[in-house]
Amino acid sequence: MESLEYLMKGFQIALQWQNILFAFIGVFIGTCVGTLPGIGPISGVALLIPVTATMTGGMPPEQAAASSIILLAGIYYGAMYGGSTTSILLNTPGDSAAVVTTLDGYQMAKQGRAGQALAISAIASFSAGIISLIGMVLLSEPLSNLALHFGPAEYFSLMLLGLCAVSGLAGKSMTKALLMTVFGLLIGTIGVDNVSGISRFTFDYPPLYQGVEFLTVAVGLFALGEVFKTILERKDAEGKVAEVGTILPTRQQLKQSAAPIGRGSVLGFLVGVLPGAGATLATFFAYIMERKLHKDPDRFGKGAVEGVAGPEAANNGASGGAMIPMLTLGIPGSGTTAVLLGALVMYNIQPGPLLFEEHPTVAWGLIASMFIGNLFLLILNLPLIRMFTKIVDTPIKYLIPCIIAISIFGVYAVQVSTFDLFLLIGFGLLGYLLARHDYPLAPVVLGVVLGPMIENNMRRALTGSNGDWLIFLQKPISLTFLIASLLLLVVPLLLQMRKPKQNATEAM
Amino acid sequence: MSKTFDRYASLVFMALGVAFLVGSLQIASATYGAEVGPDIFPMALGAVMILLSIRLFYGTFRSSQTEETEKSPLHLKRFFILLAASVLYVICLEIIGYLLATFLFLVIGFQGMQKGKWLTTLLVAAGFSGGIYYLFVEVMKGTLPGFPTWLGG
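Sequence lines, in order, name chains X and F. Heads up: the first sequence at position 348 corresponds to 348 in this note's numbering, and the numbers run straight through without jumps. Start counting at 1 in the second sequence, then tack on 508, and there's your number in this note's numbering.
Any given hint could be a false lead.
Simulated pairs of lysine-lysine, DSSO-like, Cα-Cα distance not exceeding 30 Å [unchecked claim]: (1) X:K172 with F:K623; (2) X:K390 with F:K625; (3) X:K172 with X:K110; (4) X:K295 with X:K110; (5) X:K295 with X:K172; (6) X:K110 with X:K390; (7) X:K110 with X:K292; (8) X:K255 with X:K172; (9) F:K649 with X:K229; (10) F:K625 with F:K649; (11) F:K511 with X:K229; (12) X:K292 with X:K229; (13) F:K511 with X:K390; (14) F:K585 with F:K649; (15) X:K229 with F:K623; (16) X:K292 with X:K302; (17) X:K229 with X:K390; (18) F:K585 with X:K229; (19) X:K255 with X:K229; (20) X:K172 with X:K292; (21) X:K110 with X:K255.
For the record, the hints were derived by calculation from the structure and aren't laboratory data. On a predicted model such as this, the values are computed, not experimentally measured, just so you know.
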């Protein structure tokens with residue numbers, strides 16, 4: 001099989017010493033970030049993009065891209081794991097995907113079995129990582145083969161589908177999600193138009209000619225937004241950290257969790273592949289499924305190992321699965337993958353159908369490094385659990401100003417402009433306000449990243465057809481994408497109309 | 509959640525949509541050799557944005573959702589201290605240099621979050637700003653305005 005050959009080449013790249021180092025640093029920082037109060041996976045990745053950009057600054061472009069995406073992906077799944085650490089120890093989930101883990105994980109911790117819960121969750125994360133790796137190898141080839149038939153019209157419709165998927169499926173209100181998407185797209189139009197060279201919405205102000213940089217938007221909205229939220233809303237007194245206890249799980253616990261891990265991984269992977277659905281949904285499904293399948297469902301919620309193993313596997317499976325639409329189609333399934341996508345674009349690497357053709361180093365190097373990263377996660381976490389639990393105690397008094405300083409340093413190091421720093425603070429305030437009122441932020445970043453690409457493909461397609469807009473409907477693949485986007489927008493509306501009362505209470 | 513916020517937000521977004529729509533009318537419509545000029549895309553987006561904000565505005569009157577009452581007081585004082593400190597930090601960064609600006613920002617920030625423990629505050633602030641500067645400039649060979657320019661650094 002051709003994929004296996006590529007995967008081997010990917011391993012050659014991932015096993016270069018600097019990339020092993022990057023994977024290690026990524027997973028380590030990621031776990032710390034996930035464990036730290038106040039920053040989750042998205043802001044962790046956004047915050048560290050500038051740092052990785054400087055670290056890889058001296059390398060040739062292709063290698064720099066591969067190395068930094070390896071590091072950033074490491075942060076991503078490291079943080080996913082770290083988020084569940086606080087779920088188990090403190091009953092405060094690090095991000096929404098770790099909410100389900102609190103149900104049984106914290107109960108286990110209260111019974112003095114926190115160490116075992118953490119170990120099981122590490123093992124589950126590892127297994128899920130491996131399963132999603134296999135899925136990636138199997139899926140990437142057919143997807144990139146399909147992609148060879150794509151022209152600008154198909155790309156345009158595909159990206160539109162991506163935007164609709166993220167806005168249609170994520171968030172509580174579709175209007176708000178769509179509004180955020182369009183807002184992001186509009187931000188993306190600021191600057192000198194790269195087809196005609198005409199400047200748009202710059203008001204003849206030179207710093208705006210380059211456009212609003214994706215990095216500034218992402219770090220502002222996610223990292224600073226979360227920081228402002230912590231400053232404003234966090235109470236100083238937090239719950240006590242539970243005792244870790246024994247770390248090694250018993251043979252019986254391993255036996256009990258084997259099947260949930262397998263089921264959770266596959267389920268998580270499949271949900272993750274669907275654009276827009278994401279890890280949170282996967283963990284809820286996995287938990288419900290385990291409870292349904294179990295002989296004694298009453299044990300759930302009282303510290304059942306299965307209730308930790310299944311959702312944790314689904315969580316990591318989904319983060320692996322979400323990489324596939326991001327890499328092969330250019331459609332991120334979650335906020336974090338949207339940020340990763342932006343990072344790739346920063347390196348002039350266009351995620352999408354041709355990624356595997358044009359930049360096999362980056363694509364396969366990343367996939368192979370996920371295997372190595374997951375191995376690190378397991379090796380790192382079992383012996384270092386005690387150390388990571390100490391991080392939970394970091395006083396926010398010192399943490400918060402340091403995060404602001406790192407954000408400002410990071411953006412300044414890449415952009416070298418004070419104007420971007422003011423924008424950064426502005427987006428931070430905006431991010432806090434919008435997130436507080438249930439406006440999803442991931443679509444904004446997605447819009448900023450995808451906007452220029454969508455516009456270019458639209459104009460190329462229209463130039464090819466002499467300005468005939470019907471070209472998007474005449475190409476069968478493009479038509480299919482457009483119909484699918486329409487369905488994504490219309491079906492939730494129809495469902496909403498059928499049960500208008502239920503959906504107000506179902507806001508979960 | 510809050511209907512009042514949604515109502516104001518929809519008005520702001522509507523204004524933004526109108527601004528982009530009007531702004532795109534002033535962009536030259538067609539360039540030589542291209543069928544679709546640089547004005548079409550932002551114009552369409554502006555229009556969609558106006559429609560969506562109307563939908564949001566309309567929705568705030570219709571929704572039966574009860575207003576959620578959040579009574580937990582916001583830490584406004586420490587927020588404004590940190591916000592002001594951040595803005596000052598950005599303004600001063602290029603004037604007094606990275607090291608000094610970061611150190612001062614962190615001292616104000618730490619004390620703004622919670623008063624007391626001056627020794628730790630000074631040590632952490634000095635260690636952080638010095639550490640980042642050393643790592644970035646010495647190890648990774650990046651450029652930062654290290655010292656005040658008027659000192660010749």
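Hint check results:
For the suggested pair X:K172 and F:K623, the alpha carbons sit about 39 Å apart, so the restraint of at most 30 Å is broken. As the CA atoms of X:K390 and F:K625 are separated by approximately 20 Å, the hinted pair is consistent with the 30 Å bound. For the suggested pair X:K172 and X:K110, the alpha carbons sit about 33 Å apart, so the restraint of at most 30 Å is broken. Proximity of X:K295 to X:K110 is assessed by CA-CA distance (about 24 Å); at most 30 Å being required, the pair is judged to hold.
Only pairs whose Cα atoms come within 30 Å are accepted, and X:K295 paired with X:K172 is rejected, the gap being roughly 34 Å. Between the alpha carbons of X:K110 and X:K390 the distance comes to roughly 18 Å, so the proposed pair stays at or under 30 Å and holds. At most 30 Å may separate the alpha-carbon atoms for a hinted pair to count; X:K110 and X:K292 meet this at roughly 24 Å. Distance hint between X:K255 and X:K172 is unfulfilled; the C-alpha atoms sit about 38 Å from each other, more than 30 Å.
In summary, the hint linking F:K649 to X:K229 is not supported, as the alpha carbons are separated by about 34 Å, beyond the 30 Å threshold. A threshold of 30 Å between alpha carbons decides the hint, and for F:K625 with F:K649 the separation of about 34 Å lies outside it, so the pair is violated. Between F:K511 and X:K229, the direct Cα distance comes to roughly 20 Å. Compliance with the 30 Å bound is thereby established for this hinted pair. With a CA separation close to 37 Å, the supplied pair X:K292 and X:K229 exceeds the 30 Å bound.
For the given pair, F:K511 sits about 41 Å from X:K390 by alpha-carbon distance, which is inconsistent with the 30 Å threshold. Restraint check for F:K585 and F:K649: the C-alpha separation of about 39 Å exceeds 30 Å, so the hint is violated. This hinted pair checks out: X:K229 and F:K623 have alpha carbons roughly 20 Å apart, not beyond 30 Å. The straight-line distance between the Cα atoms of X:K292 and X:K302 is roughly 16 Å, inside the 30 Å bound, and the hint therefore holds.
About 23 Å separates the Cα atoms of X:K229 and X:K390, which keeps this hinted pair within 30 Å; it holds. In summary, the hint linking F:K585 to X:K229 is supported, as the alpha carbons are separated by about 13 Å, within the 30 Å threshold. A hinted pair counts as satisfied when its Cα atoms are at most 30 Å apart, and X:K255 with X:K229 does not qualify at roughly 42 Å. Between X:K172 and X:K292 the alpha-carbon distance is near 27 Å, which keeps this suggested pair within the 30 Å criterion.
This hinted pair checks out: X:K110 and X:K255 have alpha carbons roughly 22 Å apart, not beyond 30 Å.
Hints 1, 3, 5, 8, 9, 10, 12, 13, 14 and 19 from the list above are not met by this structure, while the remaining hints are.
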